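J.: Chain by chain, the residues run as shown.
Number of protein chains: 2
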Amino acid sequence: MTSNTHKVAEVREVLAEYGIEVYQAKAPKVEIQSTDLREVAVSAAIIAYSVLKTPLIVEDAGLFIRALNGFPGPYSSYVYSTIGISGVLKLLEGVKDRYAEFVSVIAYADEDGVRVFEGRVKGTITREPRGNRGFGFDPIFMPIGLDKTFAEMSIHEKNRYSHRGMAARKLGEWLSKEKLYK
Amino acid sequence: MTSNTHKVAEVREVLAEYGIEVYQAKAPKVEIQSTDLREVAVSAAIIAYSVLKTPLIVEDAGLFIRALNGFPGPYSSYVYSTIGISGVLKLLEGVKDRYAEFVSVIAYADEDGVRVFEGRVKGTITREPRGNRGFGFDPIFMPIGLDKTFAEMSIHEKNRYSHRGMAARKLGEWLSKEKLYK
Chain S
1 MTSNTHKVAE VREVLAEYGI EVYQAKAPKV EIQSTDLREV AVSAAIIAYS VLKTPLIVED
61 AGLFIRALNG FPGPYSSYVY STIGISGVLK LLEGVKDRYA EFVSVIAYAD EDGVRVFEGR
121 VKGTITREPR GNRGFGFDPI FMPIGLDKTF AEMSIHEKNR YSHRGMAARK LGEWLSKEKL
181 YK
Chain X
1 MTSNTHKVAE VREVLAEYGI EVYQAKAPKV EIQSTDLREV AVSAAIIAYS VLKTPLIVED
61 AGLFIRALNG FPGPYSSYVY STIGISGVLK LLEGVKDRYA EFVSVIAYAD EDGVRVFEGR
121 VKGTITREPR GNRGFGFDPI FMPIGLDKTF AEMSIHEKNR YSHRGMAARK LGEWLSKEKL
181 YK
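Chains S and X, in that order, give the protein sequences. First residue of the first sequence: 1, per the working numbering; consecutive thereafter. First residue of the second sequence: 1, per the working numbering; consecutive thereafter.
Keep in mind that the hints were calculated from the coordinates and are not lab data. From a predicted model like this one, the values you see are computed outputs, not experimental measurements. Do not rely on the hints blindly, as some may be mistaken.
No copy labels: a pair is met if it fits in one copy or bridges any two.
What the hints assert, rightly or not - Here are the simulated DMTMM-like cross-link-like pairs (lysine to aspartate or glutamate), alpha carbons at most 20 angstroms apart as the crow flies:
| hint | residue 1 | residue 2 |
| --- | --- | --- |
| 1 | K96 | D110 |
| 2 | K148 | E128 |
| 3 | K122 | E21 |
| 4 | K148 | E111 |
| 5 | K170 | E21 |
| 6 | K148 | D110 |
| 7 | K90 | D112 |
| 8 | K90 | E101 |
| 9 | K179 | D36 |
| 10 | K148 | E173 |
| 11 | K90 | E21 |
| 12 | K177 | E157 |
| 13 | K96 | E13 |
| 14 | K90 | E128 |
| 15 | K179 | E101 |
| 16 | K53 | E21 |
| 17 | K170 | E118 |
| 18 | K170 | D97 |
| 19 | K96 | D147 |
| 20 | K148 | E101 |
For reference, chain S alone in the conformation it holds in the complex (with noise of 0.2 angstroms):
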């Protein structure tokens, strides 16, 4: 559950491979504030849980820049709709360490309770904003051992590299042995 159009079409791509369906549920994401984007997803999918009495997914994600403390982690999405690329860039000029890492948490819940999957990306920030795909940092950010931005690759490509196609897959795998087939 997310309002995130982009994420949707990113996890359906990859629960299409196991032959599970995802919709996007009109109920309203409750957050906490915490650091640990565990806890963020999991209360979340409790609440929504609670309300809507269906399987359900909700996906938290962040950026967590190494020279900024973690900054803007969490509130990677605040953070985007505010100061947005340039203020990160611009807090990061003249620093040499642009490591980073994109993490995504997808909590489950049934009747049976919440599991959480999480993906973790380790890459670097660009100088500058390259491509037009994707969403929110994606143009500055790119994986170690690749030269493309996640804003530079096709929803498939990003899924093969991205922290969500991580856990998406992570959820595939366990849905596939634990789920459906039971």
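Go by the hints and put chain X onto chain S.
T.: Positioned in the frame of chain S, the structure of chain X alone reads:
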């Protein structure tokens, strides 16, 4: 309820004028993610009251910088602990509009429900930090009409001008009239 001892000292000083004593509760403060401080404080107060069952206040505050679209706003504490004062000043390098507001919301909860009191102070972000009192972004916030930052004031003087002092006085007035002398 807050884990910030500076805040407790400030609110305590104001409420003492109304004959009201303030103690710091040892309960976790559950905060939702919202750009609306009132939502954050009210939900935290409701959750805290459901646990503690005693009249309590929750305070939430933020620094809203106009040129940064309200950043850091409700996440001021997280932003302070990651990019800090130097990060905010870097974001404002070369920016002429230095206008900002500090907002404080105090939610009071008891057996009758929850009531909210808000204080707001207009000011500017200085070019450099000044003073070593207060906490958070106090060294770079100068209320309009004064030549002192909050960090250059005693608790008593800061309370005269500050968002939190104003919210606490509103609470004190209301408690005096509505609650204590009934």
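J.: Evaluate each hint against the coordinates.
T.: Do the hints match the structure? See the list:
In this assembly of identical chains, the alpha carbons of K96 and D110 never lie at most 20 angstroms apart, being 45 angstroms within a copy and 52 angstroms across copies at closest. Taking identical chains as interchangeable, the C-alpha atoms of K148 and E128 lie at most 20 angstroms apart only when both belong to the same chain, with a minimum of 12 angstroms there against 38 angstroms between chains. Within a single copy, K122 and E21 get their C-alpha atoms no closer than 29 angstroms, and across copies no closer than 50 angstroms, so neither meets the 20 angstroms cut-off. Taking the closest pair of Cα atoms, K148 and E111 never come within 20 angstroms of each other, the shortest separation being 41 angstroms inside a single copy and 58 angstroms across copies.
In this homomeric assembly, K170 and E21 come within 20 angstroms of each other (Cα to Cα) only inside a single copy, at 15 angstroms, whereas the closest approach across copies is 52 angstroms. Within a single copy, K148 and D110 get their C-alpha atoms no closer than 37 angstroms, and across copies no closer than 55 angstroms, so neither meets the 20 angstroms cut-off. For the homomeric pair K90 and D112, neither the shortest alpha-carbon distance inside one copy (46 angstroms) nor that between copies (48 angstroms) is at most 20 angstroms. For the homomeric pair K90 and E101, the shortest alpha-carbon distance inside one copy (18 angstroms) is at most 20 angstroms, but the shortest distance between copies (23 angstroms) is not.
In this assembly of identical chains, the alpha carbons of K179 and D36 never lie at most 20 angstroms apart, being 27 angstroms within a copy and 39 angstroms across copies at closest. In this homomeric assembly, K148 and E173 never come within 20 angstroms of each other (Cα to Cα): the closest approach is 28 angstroms inside a single copy and 60 angstroms across copies. For the identical chains of this complex, K90 and E21 are neighbours neither inside a copy (40 angstroms) nor across copies (45 angstroms), given an alpha-carbon limit of 20 angstroms. When the C-alpha separation of K177 and E157 is checked against a cutoff of 20 angstroms, the pair qualifies neither within a copy, at 25 angstroms, nor between copies, at 64 angstroms.
Taking the shortest Cα distances, K96 and E13 never come within 20 angstroms of each other, neither inside one copy (36 angstroms) nor across copies (45 angstroms). Within a single copy, K90 and E128 get their C-alpha atoms as close as 10 angstroms, and across copies as close as 18 angstroms, so both meet the 20 angstroms cut-off. Taking identical chains as interchangeable, the C-alpha atoms of K179 and E101 are never at most 20 angstroms apart, the minima being 31 angstroms within one chain and 51 angstroms between chains. With identical chains, the CA atoms of K53 and E21 are at most 20 angstroms apart within one copy only, with a shortest distance of 17 angstroms there and 44 angstroms across copies.
In this assembly of identical chains, K170 and E118 lie within 20 angstroms of each other by CA distance solely inside one copy; the values are 8 angstroms within and 45 angstroms between copies. In this assembly of identical chains, the alpha carbons of K170 and D97 never lie at most 20 angstroms apart, being 31 angstroms within a copy and 47 angstroms across copies at closest. Within a single copy, K96 and D147 get their C-alpha atoms as close as 18 angstroms, which meets the 20 angstroms cut-off; across copies the closest is 37 angstroms, which misses it. In the homo-oligomer, the alpha carbons of K148 and E101 lie at most 20 angstroms apart inside one protomer (15 angstroms), although the nearest pairing across protomers, at 40 angstroms, exceeds that limit.
Hint compliance for this structure: hints 1, 3, 4, 6, 7, 9, 10, 11, 12, 13, 15, 18 are not met, and every other hint is.
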